[in-house]
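*Asks:* Use these hints to put chain B onto chain A, whose structure you have.
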Amino acid sequence: MDIFTFILTAVISFLGLLLGLVLAQKAPEEIHAFKKYLPFAQLLIFVLIFVVFFAFLPFFIALALLVLSFAFIFIFWHKKNLNTLDYIVLGVLFALTSLSAELHWYMTLLVFLFGIITGALYFALHTRPTKKKIVFHKHSNQHLDFGVMTRLLFTDYSFFLVLAVASYFISQIIYLLFFV
Amino acid sequence: MEFFFKTSSKTKEKRFINVCLLYCAVRLNKNVKFSKRAQTWSFDLIIAVVLFIVVVALFYSFLSADTNEETTRRLEGGAEIIINQLNCDQSGSTVCVINRGTVTDDSLQTLVDMTYEAARAEFGVSGEFCIYLRDLEGNLIPLPDNYSSVGKNTTALFDTGGVIINCGEQLP
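The listed protein sequences derive, respectively, from chains A and B.
Mapping the first sequence onto this note's numbering, position 23 (from 1) lands on 23, and the numbers just tick up by one.
Mapping the second sequence onto this note's numbering, position 157 (from 1) lands on 157, and the numbers just tick up by one.
Extracted from the complex, chain A is given alone in its bound form (with noise of 0.2 Å):
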């Protein structure tokens, strides 16, 4: 796969954020009102995406790939922090799955459904339940603009795409350097 191709694959799977927060702010009281089932959802897209690994790659792969992501989850998750752990996984194996077309489509829907749900999720945790469109910080009264919202998210989750593209340099590099 080409880097162009990789990179519009990523920014698009990465834009799943943008939506979430955008549907969350248009149903600010669904999503307060459903929030405890939205980690439940990103723990089934999770599982979901190493499905699909196992059907796609060989299956010691995929499971040193299993393991390995969710020892990193667990060894790094922070109880008071917001974890972004799971990004960095998924932006890291991202540029494993350039290895086939079609697992590369699959992995970009799921995590693109995943971003959904943390969009949404990031909403949610940072804002006070209204019933009105307009939505508040969730300790202190200060009025939160859809743009700063936006802002803040990409602050915390731009690292996904860095580390896809930097994954697959490195990938291509140690592939050029030591297997052709």
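Don't read these hints as lab results, they were simulated from the structure.
Don't take each hint at face value.
Unchecked claim - Rough simulated footprint, nothing fancy, chain B against chain A, three-plus residues with beta-carbon under 8 Å: (1) 60-68; (2) 71-78; (3) 83-96; (4) 158-170.
To be verified - With beta-carbon atoms standing in for the labels, derived distance ranges: (5) A:4 to B:117: 52 to 62 Å; (6) A:26 to B:58: 41 to 51 Å; (7) B:90 to A:177: 42 to 52 Å; (8) B:83 to A:5: 28 to 38 Å; (9) B:144 to A:66: 57 to 67 Å; (10) A:5 to B:105: 43 to 53 Å; (11) B:70 to A:8: 20 to 30 Å.
Nothing here was measured: the structure is a model prediction, and the numbers come from that model.
Built from N, CA and C at the ideal position, the CB exists for glycine as well.
*Replies:* Just chain B now, kept in the frame of chain A:
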């Protein structure tokens, strides 16, 4: 800074990275103070991410090497099937062109008249192909009706004096 230099050497790097990241976070999030802080990029985490990337890159390389070998094997297998089908002594195919070591014009005409998809179905291969004849010196031997070759016409194969001819096209 004084506080920074008084710390032990072990934690110096970690503290410096945290200070830099905190500075960046404050600069970027100056309008809003969120209740949940963003992911802390500690030195341990950065090392773990780098190791994770390297491991995944190694997996990528192993798989990529396997895929390339498999593709080569598949193409070689397809080429062998077509060669056998073209040999009338080895196959009873209707598109065979080599009979007792001789290529006949009639059999070539049959091959040229067939569409690419029909020929592919007759050969029973899933991959794309291009069949052309060359003499001992490597010069292209035109097929009947001045065709350069038979095969997928999106593949550029011949460059005759600056004019690129796709597979399956007529020679100028």
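*Asks:* Hint by hint, say whether it matches the structure.
*Replies:* Hint by hint, here is what the structure shows:
Residues of the region 60-68 of chain A lying with their CB closer than 8 Å to a CB of chain B number 4, which satisfies the three-residue condition for coverage. Only when three residues or more bring their CB closer than 8 Å to a CB of chain B does the claim for the region 71-78 of chain A stand; here the count is 4, and the claim holds. Only residues whose beta carbon comes within less than 8 Å of a beta carbon in chain B count, and the region 83-96 of chain A has 9; three or more means the coverage holds. Counting residues of the region 158-170 of chain A whose CB lies closer than 8 Å to any CB of chain B gives 4, so the stated coverage by that chain holds, three being the minimum.
Under the hint 52 to 62 Å, the C-beta atoms of residue 4 of chain A and residue 117 of chain B, about 31 Å apart, miss the expected range. Evaluation of the 41 to 51 Å hint for residue 26 of chain A and residue 58 of chain B yields a pass: the beta carbon distance comes to about 44 Å. One distance hint, 42 to 52 Å for the beta-carbon pair residue 90 of chain B and residue 177 of chain A, holds here, with the actual separation near 44 Å. Separated by about 35 Å at the C-beta atoms, residue 83 of chain B and residue 5 of chain A satisfy the suggested range of 28 to 38 Å.
Roughly 58 Å separates the CB atoms of residue 144 of chain B and residue 66 of chain A, a value that falls within the hinted 57 to 67 Å. Between residue 5 of chain A and residue 105 of chain B the CB atoms are about 46 Å apart, so this pair conforms to the stated range of 43 to 53 Å. Evaluation of the 20 to 30 Å hint for residue 70 of chain B and residue 8 of chain A yields a pass: the beta carbon distance comes to about 27 Å.
The structure does not agree with numbered hint 5 stated previously, though it agrees with all others.
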